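Protein chains in written order, with our numbering: chain A, 1 to 428; chain B, 429 to 856.
By construction, these hints were calculated from the structure, which means they are not laboratory data.
Don't take each hint at face value.
Unchecked claim - Restricting the straight-line Cα-Cα distance to at most 27 Å, the calculated cross-link-like pairs of lysine-lysine (DSSO-like) are:
no., chain 1, residue 1, chain 2, residue 2
1, B, Lys846, A, Lys359
2, B, Lys841, A, Lys359
3, A, Lys91, B, Lys737
4, A, Lys115, A, Lys171
5, B, Lys737, A, Lys375
6, A, Lys96, B, Lys737
7, A, Lys96, B, Lys787
8, B, Lys524, A, Lys124
9, B, Lys850, A, Lys18
10, A, Lys96, B, Lys552
11, A, Lys124, A, Lys149
12, A, Lys285, B, Lys737
13, A, Lys96, B, Lys494
14, B, Lys519, A, Lys359
15, B, Lys737, A, Lys309
16, B, Lys599, B, Lys612
17, A, Lys96, B, Lys524
18, B, Lys599, B, Lys577
19, B, Lys803, A, Lys115
20, A, Lys413, B, Lys803
21, B, Lys524, B, Lys543
22, B, Lys446, A, Lys309
23, A, Lys285, B, Lys787
24, A, Lys91, B, Lys552
25, B, Lys519, B, Lys543
26, B, Lys524, A, Lys66
27, B, Lys543, A, Lys91
28, B, Lys841, A, Lys309
29, B, Lys737, A, Lys413
30, B, Lys713, A, Lys285
31, A, Lys115, B, Lys850
32, A, Lys413, B, Lys787
33, B, Lys524, A, Lys149
34, A, Lys91, B, Lys787
35, A, Lys96, B, Lys577
36, B, Lys612, A, Lys375
37, A, Lys124, B, Lys552
38, A, Lys422, B, Lys787
Please read all numbers here as calculations on a predicted model, not as lab measurements.
Chain by chain, the residues run as shown.
Protein chains: 2
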Amino acid sequence: MINVTYSGNEQEILNSQKVSRLQSIHDNLYAKKGAGHDFLGWLDWPSNLSDSFLQNIKDTAEEIQKQADVLIVIGIGGSYLGAKAVIEALKPHFEKNPQFEVLFAGQHVSGAYLKQLMNYVEDKEVAINVISKSGTTTEPAIAFRFLHKYMEDRYGQEASERIYVTTDENKGALLNLAKDRGFKRFVVPDDVGGRYSVFTAVGLLPIAAAGFDVNQLLKGAKQAEDELSTFDAENNPAIKYAAIRHALYEQGYTNEVLATFEPKLNYVQEWWKQLYGESEGKEQKGIFPVSVTYTTDLHSLGQYIQDGKRDLLESFLIVEEAGEDLELFEAEQNADELNYLAGTSLHDFNLVAYEGTSKAHLSGGVPQIGIRLQKVDEYHIGYLLYFYMLACAYSSYLLDINPFNQPGVEEYKTNIFKLLKKPGYETE
Amino acid sequence: MINVTYSGNEQEILNSQKVSRLQSIHDNLYAKKGAGHDFLGWLDWPSNLSDSFLQNIKDTAEEIQKQADVLIVIGIGGSYLGAKAVIEALKPHFEKNPQFEVLFAGQHVSGAYLKQLMNYVEDKEVAINVISKSGTTTEPAIAFRFLHKYMEDRYGQEASERIYVTTDENKGALLNLAKDRGFKRFVVPDDVGGRYSVFTAVGLLPIAAAGFDVNQLLKGAKQAEDELSTFDAENNPAIKYAAIRHALYEQGYTNEVLATFEPKLNYVQEWWKQLYGESEGKEQKGIFPVSVTYTTDLHSLGQYIQDGKRDLLESFLIVEEAGEDLELFEAEQNADELNYLAGTSLHDFNLVAYEGTSKAHLSGGVPQIGIRLQKVDEYHIGYLLYFYMLACAYSSYLLDINPFNQPGVEEYKTNIFKLLKKPGYETE
Numbered sequence: 001m002i003n004v005t006y007s008g009n010e011q012e013i014l015n016s017q018k019v020s021r022l023q024s025i026h027d028n029l030y031a032k033k034g035a036g037h038d039f040l041g042w043l044d045w046p047s048n049l050s051d052s053f054l055q056n057i058k059d060t061a062e063e064i065q066k067q068a069d070v071l072i073v074i075g076i077g078g079s080y081l082g083a084k085a086v087i088e089a090l091k092p093h094f095e096k097n098p099q100f101e102v103l104f105a106g107q108h109v110s111g112a113y114l115k116q117l118m119n120y121v122e123d124k125e126v127a128i129n130v131i132s133k134s135g136t137t138t139e140p141a142i143a144f145r146f147l148h149k150y151m152e153d154r155y156g157q158e159a160s161e162r163i164y165v166t167t168d169e170n171k172g173a174l175l176n177l178a179k180d181r182g183f184k185r186f187v188v189p190d191d192v193g194g195r196y197s198v199f200t201a202v203g204l205l206p207i208a209a210a211g212f213d214v215n216q217l218l219k220g221a222k223q224a225e226d227e228l229s230t231f232d233a234e235n236n237p238a239i240k241y242a243a244i245r246h247a248l249y250e251q252g253y254t255n256e257v258l259a260t261f262e263p264k265l266n267y268v269q270e271w272w273k274q275l276y277g278e279s280e281g282k283e284q285k286g287i288f289p290v291s292v293t294y295t296t297d298l299h300s301l302g303q304y305i306q307d308g309k310r311d312l313l314e315s316f317l318i319v320e321e322a323g324e325d326l327e328l329f330e331a332e333q334n335a336d337e338l339n340y341l342a343g344t345s346l347h348d349f350n351l352v353a354y355e356g357t358s359k360a361h362l363s364g365g366v367p368q369i370g371i372r373l374q375k376v377d378e379y380h381i382g383y384l385l386y387f388y389m390l391a392c393a394y395s396s397y398l399l400d401i402n403p404f405n406q407p408g409v410e411e412y413k414t415n416i417f418k419l420l421k422k423p424g425y426e427t428e
Numbered sequence: 429m430i431n432v433t434y435s436g437n438e439q440e441i442l443n444s445q446k447v448s449r450l451q452s453i454h455d456n457l458y459a460k461k462g463a464g465h466d467f468l469g470w471l472d473w474p475s476n477l478s479d480s481f482l483q484n485i486k487d488t489a490e491e492i493q494k495q496a497d498v499l500i501v502i503g504i505g506g507s508y509l510g511a512k513a514v515i516e517a518l519k520p521h522f523e524k525n526p527q528f529e530v531l532f533a534g535q536h537v538s539g540a541y542l543k544q545l546m547n548y549v550e551d552k553e554v555a556i557n558v559i560s561k562s563g564t565t566t567e568p569a570i571a572f573r574f575l576h577k578y579m580e581d582r583y584g585q586e587a588s589e590r591i592y593v594t595t596d597e598n599k600g601a602l603l604n605l606a607k608d609r610g611f612k613r614f615v616v617p618d619d620v621g622g623r624y625s626v627f628t629a630v631g632l633l634p635i636a637a638a639g640f641d642v643n644q645l646l647k648g649a650k651q652a653e654d655e656l657s658t659f660d661a662e663n664n665p666a667i668k669y670a671a672i673r674h675a676l677y678e679q680g681y682t683n684e685v686l687a688t689f690e691p692k693l694n695y696v697q698e699w700w701k702q703l704y705g706e707s708e709g710k711e712q713k714g715i716f717p718v719s720v721t722y723t724t725d726l727h728s729l730g731q732y733i734q735d736g737k738r739d740l741l742e743s744f745l746i747v748e749e750a751g752e753d754l755e756l757f758e759a760e761q762n763a764d765e766l767n768y769l770a771g772t773s774l775h776d777f778n779l780v781a782y783e784g785t786s787k788a789h790l791s792g793g794v795p796q797i798g799i800r801l802q803k804v805d806e807y808h809i810g811y812l813l814y815f816y817m818l819a820c821a822y823s824s825y826l827l828d829i830n831p832f833n834q835p836g837v838e839e840y841k842t843n844i845f846k847l848l849k850k851p852g853y854e855t856e
């Protein structure tokens, strides 16, 4: 389903020592042992989820579409990027008078953004899905404070029927509020961290509300779960991707540039950056994840990638089949010198551009990983995201890093709370 | 106007050797000597441009706004990012039924994008600004081939009055076509490279058409030109920024993370990545430019920046005064624990978040540069972009790199043309 290739010598990487290392990681992973094993709920999530859970998501999405023109999804980090990645990959670039929109808030703290958002939805019917495990993560809490008031001012009692909460099952500020006001609730599972949560209600409710087929998304994820659970270092693309990037890291390639020729995958790249950056970037280790979109960025960072400092590895995420496409035609006047391309589809042009770019960067000293995805639809995106999550676990364990914690995000939060004199932090 | 600070010891950086190096770069730059001196047209562009040039831009923008509902700007790289950066910085996040829209094409090769774009503008009146020095850069040429046909099919003869061309003054495919069809023409100057072209017609026409004040933009740029031309290593922020980042590069900080708390500056960051990456990334040298938006990415790459591999330097682009803003209020039910913030504006929250983040990342071993901009409006953005261009010249010359060429972008192009058997490339 996903094909991973490497520009160098695979046999050298997959030597017996590395394979036995990967084997033991595999065994620990599936035995749910090893660092962070309390957060492995995502590993068999696609095969474990119940029909009634999924039906509830779909029914609620339908209810939201009936009652509203706009769903505002409030979340940050893993409570934002999974849904955003899938929706951006699947929705059209332009829409005339969209029937239903999914917009986001709480992914930053911008007064202008929130104000303009509230103004924008003035003449539309609104529903809200607020996603936060604790309910006290500052950014979504700020956005929800404004939007909750907006909804109560606008809808009165009825606001409660338009607010959907995705939070902890048993505790927390948002759970208490939801119970008090009678908001419909969905669960952020205890054993799935934010950046691994796209297939839980965190990702599924916004994706379903946006009109996409969550059955197919989960079918793709389950296919990945099944296929990628086998230990086969040479043929399991998740293990292969992890092994290659780790070998390159050991050789001093410490920046990974994830390149795609499909602009719709920009937020899949953002999601990938969180997944890998937050999983691996600890103890002064880890590959720094960076993204580019080609051919756009061939006219920007391309020069650096070709000729700059040689600590870059490039991984190309290539889509094999186009969705909508156009074909170049012959023009009477060939001033632009493009007649030689008549009959070529734009997708085929991009595939050739990939080949030409890959060769050029390789000759510039940038080692490469190719990741080929058949097409961009719910099923294949579901497969891809599961693939990246699983590979990330292998990759982190190869660095002796716990993939499932994020100790480094506390320090800036504590600083901010101290500076703002949050109760409990004033004295320090 | 712009204040640059450094987390380390400035005196150590600005030692006598470095200062005399910078002095000689300064002298060569303003004497228009040194590598790439044929491309220094941008240096005194703001003070050199004529009233009639500017009046022509503004009149044309007005004409476009009268005849059309949508301007499609076709360009890539420097013919795209300057206008995009300024427009995104200044336009609102959301607009209900916008009166006039500026959309982009030719910045990549996506059949779905172009098809959906043509469908989107079906019921709107359309004008086009195609920007390409040669007229044969593949991506914009492809987009224009489709859109030119679209315009001719839709408007017939009248299409020629709706197409505006920004190209070479004396030669090239687009110039010839423009003369033949009678398109109104603007000039891409010979002595200004794409990534330094935002203040020429390349950037100005789309920015003016989008409804922004190009007089103020250029006033800011001219203020920067005047203020930053003086050699004063300690007080000239452009020289200071270049000196600090070069010193950090020499210490092994080879990735610069440009961080902002203002999401509207995302495309200023993209523009900056092209400017620095394409100017410096040569001869296996140069700082790799990366961008993050906070607080969004504190919940993503933040973990890596705090604790990952220590080759990162962080430059914060901080906006001191908010435009539109909101203020937090006290809520009866304090479940979200935010009442302690009542009376704080969201902009003030971001300034505190900056302080807390800066301290945290500093203690994690990430050296920092602070770049403070008073506010986001035409004048200050004009100043900022000039500042970054000038600093980039200093910074590249400190690396003994010609800031104005891009030798590494030929190889992939040649490969692509060979693979596609473009006339002239078939035999190889």
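Verification of the hints:
| no. | hint | verdict |
| --- | --- | --- |
| 1 | Lys846(B) - Lys359(A) | holds, 12 Å |
| 2 | Lys841(B) - Lys359(A) | holds, 11 Å |
| 3 | Lys91(A) - Lys737(B) | violated, 36 Å |
| 4 | Lys115(A) - Lys171(A) | violated, 31 Å |
| 5 | Lys737(B) - Lys375(A) | violated, 34 Å |
| 6 | Lys96(A) - Lys737(B) | violated, 45 Å |
| 7 | Lys96(A) - Lys787(B) | violated, 46 Å |
| 8 | Lys524(B) - Lys124(A) | holds, 11 Å |
| 9 | Lys850(B) - Lys18(A) | violated, 45 Å |
| 10 | Lys96(A) - Lys552(B) | holds, 11 Å |
| 11 | Lys124(A) - Lys149(A) | holds, 17 Å |
| 12 | Lys285(A) - Lys737(B) | holds, 5 Å |
| 13 | Lys96(A) - Lys494(B) | holds, 22 Å |
| 14 | Lys519(B) - Lys359(A) | violated, 40 Å |
| 15 | Lys737(B) - Lys309(A) | holds, 16 Å |
| 16 | Lys599(B) - Lys612(B) | holds, 15 Å |
| 17 | Lys96(A) - Lys524(B) | holds, 13 Å |
| 18 | Lys599(B) - Lys577(B) | holds, 23 Å |
| 19 | Lys803(B) - Lys115(A) | holds, 18 Å |
| 20 | Lys413(A) - Lys803(B) | holds, 26 Å |
| 21 | Lys524(B) - Lys543(B) | holds, 24 Å |
| 22 | Lys446(B) - Lys309(A) | holds, 23 Å |
| 23 | Lys285(A) - Lys787(B) | holds, 21 Å |
| 24 | Lys91(A) - Lys552(B) | holds, 22 Å |
| 25 | Lys519(B) - Lys543(B) | holds, 25 Å |
| 26 | Lys524(B) - Lys66(A) | holds, 22 Å |
| 27 | Lys543(B) - Lys91(A) | holds, 14 Å |
| 28 | Lys841(B) - Lys309(A) | holds, 21 Å |
| 29 | Lys737(B) - Lys413(A) | holds, 21 Å |
| 30 | Lys713(B) - Lys285(A) | holds, 23 Å |
| 31 | Lys115(A) - Lys850(B) | violated, 52 Å |
| 32 | Lys413(A) - Lys787(B) | holds, 11 Å |
| 33 | Lys524(B) - Lys149(A) | holds, 22 Å |
| 34 | Lys91(A) - Lys787(B) | violated, 40 Å |
| 35 | Lys96(A) - Lys577(B) | holds, 22 Å |
| 36 | Lys612(B) - Lys375(A) | violated, 42 Å |
| 37 | Lys124(A) - Lys552(B) | holds, 23 Å |
| 38 | Lys422(A) - Lys787(B) | holds, 18 Å |
Hint compliance for this structure: hints 3, 4, 5, 6, 7, 9, 14, 31, 34 and 36 are broken, all remaining hints hold.
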